[in-house]
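Turn these sequences into a full structure, and let the hints guide you.
First to last, the sequence lines map onto chains X and F.
Using my numbering, the final residue of the first sequence is 452, and nothing's skipped along the way.
Using my numbering, the final residue of the second sequence is 452, and nothing's skipped along the way.
Don't read these hints as lab results, they were simulated from the structure.
Keep in mind that a hint or two might mislead.
Copies of one chain are not kept apart here, so a pair can be met inside one copy or by any two copies together.
[To be verified] Straight-line C-alpha distance at most 25 Å; calculated SDA-like pairs for lysine to any residue:
#1 K386 with A217
#2 K257 with E56
#3 K82 with L291
#4 K82 with T182
#5 K293 with M34
#6 K58 with D318
#7 K317 with N115
#8 K82 with T160
#9 K240 with R195
#10 K82 with D318
#11 K197 with K317
#12 K51 with N39
#13 K386 with Y198
#14 K58 with R37
#15 K58 with G180
#16 K293 with N262
#17 K82 with R37
#18 K240 with Q377
#19 K82 with M34
#20 K197 with G378
#21 K197 with R373
#22 K58 with H314
#23 K293 with E70
Protein chains: 2
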Amino acid sequence: MTRRLNRLAAIVGVGASKFGTFEDKLGRELFADAFLEMMNSIDRGINIKDIEAFYLGSAAPLSFEGQAHLAPIIADQVGLANRPATRVEGACASGGLALREGIIAIASGLYDIVLVGGVEKMTNLPTSEVTDVLAAFSDTPYESRVGITFPGAYALMATAYRHKYGLTDEQLMAVTIKNHQNGALNPKAQFNCSISDIMISRLAKIKEKGQPVPDWSSEMDFLKDLQANPVIAWPLKLFDCSPITDGAACVLLVAEHLAKSFTETPVYVIGSGQASDYSLHGRKDLTTLDGAKEAAHQAYDMAGVRPEDIRMAEVHDCFTIAEIIATEDLGFFRQGEGGRAAEQGLTARHGTKPVNPSGGLKAKGHPVGASGVAQVVEVWQQMRGEAGARQINRDVHLALTHNVGAHGATCVVHIYERR
Amino acid sequence: MTRRLNRLAAIVGVGASKFGTFEDKLGRELFADAFLEMMNSIDRGINIKDIEAFYLGSAAPLSFEGQAHLAPIIADQVGLANRPATRVEGACASGGLALREGIIAIASGLYDIVLVGGVEKMTNLPTSEVTDVLAAFSDTPYESRVGITFPGAYALMATAYRHKYGLTDEQLMAVTIKNHQNGALNPKAQFNCSISDIMISRLAKIKEKGQPVPDWSSEMDFLKDLQANPVIAWPLKLFDCSPITDGAACVLLVAEHLAKSFTETPVYVIGSGQASDYSLHGRKDLTTLDGAKEAAHQAYDMAGVRPEDIRMAEVHDCFTIAEIIATEDLGFFRQGEGGRAAEQGLTARHGTKPVNPSGGLKAKGHPVGASGVAQVVEVWQQMRGEAGARQINRDVHLALTHNVGAHGATCVVHIYERR
Numbered sequence: 034m035t036r037r038l039n040r041l042a043a044i045v046g047v048g049a050s051k052f053g054t055f056e057d058k059l060g061r062e063l064f065a066d067a068f069l070e071m072m073n074s075i076d077r078g079i080n081i082k083d084i085e086a087f088y089l090g091s092a093a094p095l096s097f098e099g100q101a102h103l104a105p106i107i108a109d110q111v112g113l114a115n116r117p118a119t120r121v122e123g124a125c126a127s128g129g130l131a132l133r134e135g136i137i138a139i140a141s142g143l144y145d146i147v148l149v150g151g152v153e154k155m156t157n158l159p160t161s162e163v164t165d166v167l168a169a170f171s172d173t174p175y176e177s178r179v180g181i182t183f184p185g186a187y188a189l190m191a192t193a194y195r196h197k198y199g200l201t202d203e204q205l206m207a208v209t210i211k212n213h214q215n216g217a218l219n220p221k222a223q224f225n226c227s228i229s230d231i232m233i234s235r236l237a238k239i240k241e242k243g244q245p246v247p248d249w250s251s252e253m254d255f256l257k258d259l260q261a262n263p264v265i266a267w268p269l270k271l272f273d274c275s276p277i278t279d280g281a282a283c284v285l286l287v288a289e290h291l292a293k294s295f296t297e298t299p300v301y302v303i304g305s306g307q308a309s310d311y312s313l314h315g316r317k318d319l320t321t322l323d324g325a326k327e328a329a330h331q332a333y334d335m336a337g338v339r340p341e342d343i344r345m346a347e348v349h350d351c352f353t354i355a356e357i358i359a360t361e362d363l364g365f366f367r368q369g370e371g372g373r374a375a376e377q378g379l380t381a382r383h384g385t386k387p388v389n390p391s392g393g394l395k396a397k398g399h400p401v402g403a404s405g406v407a408q409v410v411e412v413w414q415q416m417r418g419e420a421g422a423r424q425i426n427r428d429v430h431l432a433l434t435h436n437v438g439a440h441g442a443t444c445v446v447h448i449y450e451r452r
Numbered sequence: 034m035t036r037r038l039n040r041l042a043a044i045v046g047v048g049a050s051k052f053g054t055f056e057d058k059l060g061r062e063l064f065a066d067a068f069l070e071m072m073n074s075i076d077r078g079i080n081i082k083d084i085e086a087f088y089l090g091s092a093a094p095l096s097f098e099g100q101a102h103l104a105p106i107i108a109d110q111v112g113l114a115n116r117p118a119t120r121v122e123g124a125c126a127s128g129g130l131a132l133r134e135g136i137i138a139i140a141s142g143l144y145d146i147v148l149v150g151g152v153e154k155m156t157n158l159p160t161s162e163v164t165d166v167l168a169a170f171s172d173t174p175y176e177s178r179v180g181i182t183f184p185g186a187y188a189l190m191a192t193a194y195r196h197k198y199g200l201t202d203e204q205l206m207a208v209t210i211k212n213h214q215n216g217a218l219n220p221k222a223q224f225n226c227s228i229s230d231i232m233i234s235r236l237a238k239i240k241e242k243g244q245p246v247p248d249w250s251s252e253m254d255f256l257k258d259l260q261a262n263p264v265i266a267w268p269l270k271l272f273d274c275s276p277i278t279d280g281a282a283c284v285l286l287v288a289e290h291l292a293k294s295f296t297e298t299p300v301y302v303i304g305s306g307q308a309s310d311y312s313l314h315g316r317k318d319l320t321t322l323d324g325a326k327e328a329a330h331q332a333y334d335m336a337g338v339r340p341e342d343i344r345m346a347e348v349h350d351c352f353t354i355a356e357i358i359a360t361e362d363l364g365f366f367r368q369g370e371g372g373r374a375a376e377q378g379l380t381a382r383h384g385t386k387p388v389n390p391s392g393g394l395k396a397k398g399h400p401v402g403a404s405g406v407a408q409v410v411e412v413w414q415q416m417r418g419e420a421g422a423r424q425i426n427r428d429v430h431l432a433l434t435h436n437v438g439a440h441g442a443t444c445v446v447h448i449y450e451r452r
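Below you can see the structure in the form of structure tokens.
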């Protein structure tokens, strides 16, 4: 059965804060940065009074920042006090879920103009505590309490994938290298630098200290050096993992009939899919996310398009293996071929299927509740030709976002069209 | 502007777990109790495969139980793995927000059959830690971090109200006594006992220990004794405060055209309103919740009914003062007259405007994310004449629920019709 919304939503503005570590800011202040940029991005402007409702994706603001009930507080912060303000949580897919609730709310007829945002302020806690908070997104009695944190869960997937399809370290590294190349061109990225940049700066420090100079003649050499890139959970190493990040992003959705009154080039959300999945121990296959496949199926079906039609995608690369699996679950490559595709450059910015031109979670950063919305910011910029130095060199009239909570227990896919 | 949904939702089944303290159960297991009761409450039955999506209200499962990302985990627990499962958080209004998202999702055309539930497992932590978690629902830099927990916040409101309208202790106590009278008739209630029952049991213990017997000749005497009913935050005493509770509740929503295929007597949700509010320091008046008034206005407007039409209401009596303010914000009584109305018995089960026939949060218990959904369970039972010993003695064809997050930063009001 094809699922249909009573009416579609269009994006008419986007904004994002800088991603990184911001000791002196509250989450609500990062959100305000994103909101102000969004307000300024609307070609024909908007009166803030016309924004009718607010959906916020945030994964664990109580644990990270000691602030729950964040939606009305942020609404007040940005001048939207009194508006319906609803927080949605689906672990690292919280942002994607907030987008979906905004789209559904517009389709319901209740609102014409809805703000959707995501925020996470993660760096207040030490890394080990952040890992513990994130581990609570797993099925705790069966997973985190018996020792599986997320690097471990994704390492299990990588191991299963390696066994089944012969994944190589070089394939994982190709994802890292590509996403850092893109992130180096993204001024908002937490790691606004390529692996080469990182390598050169490390070499400079090593020489400064008079230590023995390592034999790195390429990015791959650097990533293969276990001193530079230590194992976190085999086969995943440090540079296979997305970082801990503070950041916020938001988009303004309007009912499709209003879109052109805000801009000549709105981006319509033509497909939306969402699915859940069993905990890891209940799955038949660890090399794919059934929830992502189902969410993608729903989104393609609603949009009436096929994987081969998609011109670019932002996918949930919390770990490099996750990007490889994502490109297969979305139907871009056959199962078992995602690693090779990355190695061959097919997912590079000017490849046949650009994936994560923003730098992805790996280089742009991963403020967990904001990531699903930040993906939409990149889609908007690429579709409108506003991505600057990282602009894809083909017209992007169809794009896709893929946002995953935990190890795929929540999956959300959206498809966008510029018309 | 009257807000309209593209189509209405109807309730065709409800269920609740027992409310109380359950050391040996996970939140997901309490939810399963509620779900099984709900499945059995559907007059003509349903195939579980027909449930298309799930919205969960839960306020702080990570902090209370170490389990975030609860929606897909509960979906799996009750046999709905793979369905879109979305958690909504609005502090103690999380359940009401989940209901509203379910209604919106049906109106969007995306789903015809949606499960809405709420759960909170609060008693794992000691009381002081629960209070700290709940305090994070306030505007923390301006409230909890400078010492205002929720009993304190509501005490401020009670003090302002007392000053402005001459609130008496007896008026607050009238709310406590009434809600315990109702709770005594509710087998699911955490305090399935009247204040008299509590007093008699205390007296028996006092006599057993040979201690001096207090001079209690009425429920009021008992509540006025500061040994029995100590001050928590003046003027609020122990029996002005709702308890800490484990519990879950759920309802099944279907698109209105399908309702009669599940039961001859569905309950239609004909009005829905939601609003936010400033933090306490930003408000003009502490004796009313502007968010509740706005949400009520929206709900009445959508439903096309007036406060005087409502035959019963479940309101958010997290503290006795909150119930008094609620009955005014909802337009049942004029501002400043809610306390007197309670004292005169107008809100009693057989009064002119029955409020909280379930026992309310005070006696039924307050598992914070579940409370907004548990209110709907009571509405369903009263509207269908299935409330047993606590059945209201007039036909309840129109009812209302009022669910508040924190000190009113989130407010949700729904109106129901049996037809």
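Let me make sure I understand: some of the numbered hints might not hold for this structure. Which ones are they, in numerical order? 2, 4, 6, 8, 9, 12, 14, 16, 18
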